[in-house]
Amino acid sequence: MSTAVFVTVVALSVSNAPGWPDVKQAFFDREVFDDSFPAILEAFLVNVRIFLVAEVFILVLALGLAVLRSLPGPVFFPLRLLATVYADIFRGIPTILVIYILGFGVTALQLPGVPNSPLFWGTVALVVVYTAYVSEVYRAGIESVHPSQEAAARSLGLTRFQALRFVVLPQAVRRVIPPLLNDFIGLQKDTALVALLGVVEAFRQSQIEVAATFNYTPYLATALLFVLITVPLARFTDWLTARDRKRQQAGRLA
Amino acid sequence: MTAPALAIEGLRKSFGKLEVLRGIDLALDEHEVVCLIGASGSGKSTLLRCVNLLEPIDEGRILLRGEDITAPGIDVNRVRRGIGIVFQAFNLFPHMSVLENVTLAPRKALGLSKEEAVARADELLARFGLSDKRDEYPDRLSGGQQQRVAIVRALAMQPGLLLLDEVTSALDPELVAEVLNVIRELAAEGMTMLIATHEMGFARDVAHRVCFLDEGVILEQGPPEAIFAAPQEPRTRQFLQRIVEAGRL
Ligand SMILES: Nc1ncnc2c1ncn2[C@@H]1O[C@H](COP(=O)(O)OP(=O)(O)OP(=O)(O)O)[C@@H](O)[C@H]1O
Ligand SMILES: [Mg+2]
Chain A
12 MSTAVFVTVV
22 ALSVSNAPGW
32 PDVKQAFFDR
42 EVFDDSFPAI
52 LEAFLVNVRI
62 FLVAEVFILV
72 LALGLAVLRS
82 LPGPVFFPLR
92 LLATVYADIF
102 RGIPTILVIY
112 ILGFGVTALQ
122 LPGVPNSPLF
132 WGTVALVVVY
142 TAYVSEVYRA
152 GIESVHPSQE
162 AAARSLGLTR
172 FQALRFVVLP
182 QAVRRVIPPL
192 LNDFIGLQKD
202 TALVALLGVV
212 EAFRQSQIEV
222 AATFNYTPYL
232 ATALLFVLIT
242 VPLARFTDWL
252 TARDRKRQQA
262 GRLA
Chain B
14 MTAPALAIEG
24 LRKSFGKLEV
34 LRGIDLALDE
44 HEVVCLIGAS
54 GSGKSTLLRC
64 VNLLEPIDEG
74 RILLRGEDIT
84 APGIDVNRVR
94 RGIGIVFQAF
104 NLFPHMSVLE
114 NVTLAPRKAL
124 GLSKEEAVAR
134 ADELLARFGL
144 SDKRDEYPDR
154 LSGGQQQRVA
164 IVRALAMQPG
174 LLLLDEVTSA
184 LDPELVAEVL
194 NVIRELAAEG
204 MTMLIATHEM
214 GFARDVAHRV
224 CFLDEGVILE
234 QGPPEAIFAA
244 PQEPRTRQFL
254 QRIVEAGRL
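Line order of the protein sequences matches chains A and B. Going by our numbering, the first residue of the first sequence is number 12, and it counts up by one from there. Going by our numbering, the first residue of the second sequence is number 14, and it counts up by one from there.
It is possible that some hints are incorrect.
What follows is a set of in silico ranges between Cβ atoms, one per label pair, in the way DEER data are often shown [to be verified]:
| # | chain 1 | residue 1 | chain 2 | residue 2 | range |
| --- | --- | --- | --- | --- | --- |
| 1 | B | R91 | A | I188 | 49 to 55 Å |
| 2 | A | P158 | B | G235 | 34 to 40 Å |
| 3 | A | H157 | B | P247 | 35 to 41 Å |
| 4 | B | E136 | A | H157 | 29 to 35 Å |
Since the hints were made in silico from the structure, they are not lab data. Bear in mind that the values here come from a model prediction, so they are computed numbers and not experimental data. Each residue gets a CB set at the ideal place from its N, CA and C atoms; glycine is no exception.
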């Protein structure tokens, strides 16, 4: 009820604002929307494809990185150090810079046998950056599994690798699924940054449409598409979090 | 002459500056049940963890049926497969069903097929009255049931030596008996066991020999009747006195 009142009030005050007719004209043009939407939707499939491909690599590489960082003992110190430096660097550099450096820098080298497509390097840049973030999420999960679990596994004669594979990682991954999905919402949005390399994805396509029509409605159409794909992901994350909380409470009562 | 099932010789172990074990000598014959008693912090858990190679030792040797398992280059995984350990806190794997908990190590460490491992697990679960729990997850079991599953999980490896670390301390009083009965049964079958316990009545009942651990050494040992009825060392008497006052004997 209060929500309905709030929405009505906001809608009324916006539509009564002195600039509203111009804004309505520039952003909410039905005709422009209908004309530009098919092309933007098609370009949006590029975003979805970047997202899906990057996600698979990120999930695997970040897990590897997190495992490297959790290896105990002085023998693995160099590997741990390397993995830590990687995570620190790529969480530090703004994503947009990594995209520029890889997308323009590496392609300019014209290395033989190395792909030159901006789409390829844009995706690589996202993988490189998000692997650093996601490895931290995994690592928190690994550290949240009590050492007695590993001790129990090792005491049964399982190797260190088997204890990790069958006992520690399954528990760790389960616990970090909500924060992982959260990072993927961010990744989905950041696929638009690949446009900076000239890849025609949804954002770039909407720029093209805006330039052709002198109307901003295509931006709105693009925003709508991003929201449409983010909302289910966000709700799914909420649902998983709530389910885990319920399960923990049940566990405590038992 | 055959080697003892387990022989601990001059074992020393420190955590930083704290010397927890200061020269432990202890041998277990095949089928012998030895109970370790001693105050909290006297090093009972540490001793068991050393035997299972979960803690590296500083000095001394541990021999399992004559083989020095603390020698450099020993395959710790192979050694651990032959030694079962059950912890105070159960440490079941919460993401696995009872059956998966019990079959994991036989399958992955012994290389049993799934069918063989399941058959072995089902037999043990049936024996300890846990058949109806085989598909449950640990958090749906009572403490007593969880601890019995932990024992079954260790037994599924068919160990030649079982280490039990205060396996009833985390249990509600009414659940203690069901776990102790399992251990009595194992003792009756001839399982070689080294048991750290606060349950003096149980130790008197099940142990062939009781060792009193104090200040990092085994101060006094002997058959339970002797230790409990006529302790020689003043510190043993003191310890048992406190236990009696706490109403645990
Ligand atoms: N990993 C460790 N690091 C540092 N100190 C430790 C560690 N494990 C045990 N200790 C210390 O070693 C001493 C012996 O501990 P231990 O757990 O073996 O005693 P315990 O006889 O099993 O006691 P309880 O009856 O309370 O279980 C204690 O002072 C403990 O604080
Ligand atoms: Mg202890």
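Tested hints:
1. Taking the beta carbon of each, R91 of chain B and I188 of chain A are about 36 Å apart, not inside 49 to 55 Å as hinted.
2. P158 of chain A and G235 of chain B have their C-beta atoms about 36 Å apart, which keeps the hinted 34 to 40 Å range intact.
3. Distance hint check: the CB atoms of H157 of chain A and P247 of chain B are about 40 Å apart, consistent with the given range 35 to 41 Å.
4. Distance hint check: the CB atoms of E136 of chain B and H157 of chain A are about 30 Å apart, consistent with the given range 29 to 35 Å.
When held up to the earlier numbered hints, the structure conflicts with hint 1 and nothing else.
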